[in-house]
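Chain residues, written in single-letter form:
2 protein chains.
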Amino acid sequence: MVKHTVESCSKAKMAIRDTLDVVGGKWKLVLISVLRSGKKGFNELSREAGISPRILSKELQELEMNGLVSRKVCDTKPVTVQYELTPYSGTLSEVLSAMEKWGYQHRNKIVQGVE
Amino acid sequence: MVKHTVESCSKAKMAIRDTLDVVGGKWKLVLISVLRSGKKGFNELSREAGISPRILSKELQELEMNGLVSRKVCDTKPVTVQYELTPYSGTLSEVLSAMEKWGYQHRNKIVQGVE
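Going down the list, the sequences are from chains Z and R. Numbered according to full-length UniProt numbering, the first sequence spans residues 1 to 115. Numbered according to full-length UniProt numbering, the second sequence spans residues 1 to 115.
One thing to keep in mind: the hints can contain errors.
[What the hints assert, rightly or not] Derived list of chain Z stretches under chain R, where covered just means 3 residues or more per stretch with a C-beta under 8 angstroms from a C-beta of chain R: (1) 10–17; (2) 24–32.
[To be verified] Simulated crosslink set (DSS-like; lysine-lysine; CA at most 25 angstroms straight-line): (3) K101/Z - K26/Z; (4) K109/Z - K26/Z; (5) K26/Z - K77/R; (6) K39/Z - K11/R; (7) K72/Z - K109/R; (8) K40/Z - K11/R; (9) K39/R - K58/Z; (10) K101/R - K26/Z; (11) K11/Z - K26/R; (12) K40/Z - K72/Z; (13) K11/R - K109/Z; (14) K39/Z - K58/Z; (15) K11/R - K39/R; (16) K26/Z - K26/R.
Since the hints were made in silico from the structure, they are not lab data. All C-beta atoms in this analysis are idealised placements derived from N, C-alpha and C, irrespective of residue type, glycine included.
So that you can see chain Z by itself, here it is in the shape it has in the complex (with noise of 0.2 angstroms):
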């Protein structure tokens, strides 16, 4: 049990607020666990998360700046684009997992107070 000092508690919560502006929000750690099966073009990705074309293209950008998600311009014809996980996303997977395992306490929480 770590112990609770006004200066540990302070770091901690920059610490957490730094995760929030880089993959906090609606969409990006989903988008990153939709990834996660592999790249993807920008259509299919919309669909699979369920995200308008609009938003989309901004929470991708996000990503790419911070590192997260590399774009790749493929020579076809017509021009397509695939997106997929930098090595460097693969540093969030605990945070996924932790996210992961909680959503299913939580549901589980749920439907058994509903019964």
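Given the coordinates of chain Z, assemble chain R onto it according to the supplied hints.
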């Protein structure tokens, strides 16, 4: 290493989305991390987390609705209200500590990249 199949990925995606529905957004996890140091009044929370009262009130209501924060009206003059974490909020500790760790390492990475 967990194998990523279509089925396990869509389950994982749903669980992550469930978690984001409850604690996603800009403020909820920050509020929870602020409340980890003990119960707080409304103005204190607003100041410490740097959230406007209007948004804070909405966020606290949602956290209360999901059983993560409890609101206690104290019989003082004038009446004061205190917010504190519920025991259930403790189930989020793994999510919080993973985000804290990631925030630290990401900040270090950026600082090193700039130097």
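Evaluated hints:
no.	hint	verdict
1	10–17	holds (count 6)
2	24–32	holds (count 5)
3	K101/Z - K26/Z	18 angstroms, holds
4	K109/Z - K26/Z	22 angstroms, holds
5	K26/Z - K77/R	41 angstroms, violated
6	K39/Z - K11/R	19 angstroms, holds
7	K72/Z - K109/R	24 angstroms, holds
8	K40/Z - K11/R	19 angstroms, holds
9	K39/R - K58/Z	38 angstroms, violated
10	K101/R - K26/Z	21 angstroms, holds
11	K11/Z - K26/R	17 angstroms, holds
12	K40/Z - K72/Z	10 angstroms, holds
13	K11/R - K109/Z	17 angstroms, holds
14	K39/Z - K58/Z	18 angstroms, holds
15	K11/R - K39/R	35 angstroms, violated
16	K26/Z - K26/R	9 angstroms, holds
Violated hints, in rising order: 5, 9 and 15; the structure is consistent with all others.
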